[in-house]
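**Student:** One letter stands for each residue in the lines below.
Number of protein chains: 2
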Amino acid sequence: MAPQYQAINFSDKLSKITQFWQPRVVAEMNDYQFKIVRIEGDFIWHDHPETDETFIVLTGQLRIDFHDGAVSIGPGEMFVVPKGVEHKPYAEHEVHLLLIEPRGVLNTGHTGADRTAQNDVWI
Amino acid sequence: MAPQYQAINFSDKLSKITQFWQPRVVAEMNDYQFKIVRIEGDFIWHDHPETDETFIVLTGQLRIDFHDGAVSIGPGEMFVVPKGVEHKPYAEHEVHLLLIEPRGVLNTGHTGADRTAQNDVWI
Numbered sequence: 007m008a009p010q011y012q013a014i015n016f017s018d019k020l021s022k023i024t025q026f027w028q029p030r031v032v033a034e035m036n037d038y039q040f041k042i043v044r045i046e047g048d049f050i051w052h053d054h055p056e057t058d059e060t061f062i063v064l065t066g067q068l069r070i071d072f073h074d075g076a077v078s079i080g081p082g083e084m085f086v087v088p089k090g091v092e093h094k095p096y097a098e099h100e101v102h103l104l105l106i107e108p109r110g111v112l113n114t115g116h117t118g119a120d121r122t123a124q125n126d127v128w129i
Numbered sequence: 007m008a009p010q011y012q013a014i015n016f017s018d019k020l021s022k023i024t025q026f027w028q029p030r031v032v033a034e035m036n037d038y039q040f041k042i043v044r045i046e047g048d049f050i051w052h053d054h055p056e057t058d059e060t061f062i063v064l065t066g067q068l069r070i071d072f073h074d075g076a077v078s079i080g081p082g083e084m085f086v087v088p089k090g091v092e093h094k095p096y097a098e099h100e101v102h103l104l105l106i107e108p109r110g111v112l113n114t115g116h117t118g119a120d121r122t123a124q125n126d127v128w129i
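Quick mapping for you: the protein sequence lines, in order, are chains A and B. Heads up: the first sequence begins at 7 in our numbering, then just goes up one per residue. Heads up: the second sequence begins at 7 in our numbering, then just goes up one per residue.
Note that these hints are calculated values from the structure, not bench results. Misleading hints may appear alongside valid ones.
Said to hold, decoys possible - These stretches of chain B come out as covered by chain A in the derived footprint (C-beta under 8 Å, 3 or more residues):
| hint | segment |
| --- | --- |
| 1 | 39-46 |
| 2 | 50-61 |
| 3 | 74-83 |
To be verified - DSBU-like cross-link-like pairs, simulated, lysine-lysine; straight-line CA separation at most 35 Å:
| hint | chain 1 | residue 1 | chain 2 | residue 2 |
| --- | --- | --- | --- | --- |
| 4 | A | Lys94 | A | Lys22 |
| 5 | A | Lys94 | B | Lys22 |
| 6 | A | Lys89 | B | Lys89 |
| 7 | B | Lys89 | A | Lys22 |
| 8 | B | Lys94 | B | Lys22 |
| 9 | B | Lys94 | A | Lys94 |
| 10 | B | Lys89 | B | Lys22 |
| 11 | A | Lys22 | A | Lys89 |
| 12 | B | Lys22 | A | Lys89 |
Here the structure is a predicted model, which means the values were calculated and not measured. Using N, Cα and C, we set each Cβ at its ideal position, and we do this for glycine too.
Sequences are here, hints too, so could you generate the full structure?
**Tutor:** Written out as structure tokens, the structure is:
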């Protein structure tokens, strides 16, 4: 029997996520991971000293604050936060995101705060 | 004056692309590139011996054929073709894609066919 090839459907994956700020891995490309996350409200300031981080908005309007400005990212839009740049995601209303970053990157960077989510959890 | 931070809007980028099968770079994350491409019809069989390749469908319905099956990928869906696996993208009707792969990867892999697009062209 032929192997089943199955696309990854973001809505299907999102429907299985019940908590905010808990990224879930849906795919890997080489040593990078694709993570789906639901967010609402304010996060903490942090950076990723070792890597850029990509945000693709699926639904809602995301704001990422920087110390010298901000970017607003809506559905069908993306933004790459350069490595080492402190940032703080903010969602006034619920936002669904696709994150892309190397395997092993923590959501809070190197801050080790209590907002740090369990890493490398697949859904 | 504060620097301008600007999201990358896929529709805006797509509106500037006039040719099929010509990927255009819209962003970089570390040594990876995000490419927007409009496709229609049949491509050639090829593989990428050195890397996985990610397809995210923005609009339309993409089929990727493998020698032992196929996958159908619609809007809001993604698929990662593993490195070294021969594949052939096909779009019965026009499809808009976001491709993610390391900088330097050719659209036809190592086949060097006349379908090879100019690489590393930004839009």
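**Student:** Which hints, by number, does the structure contradict?
**Tutor:** 1 and 9
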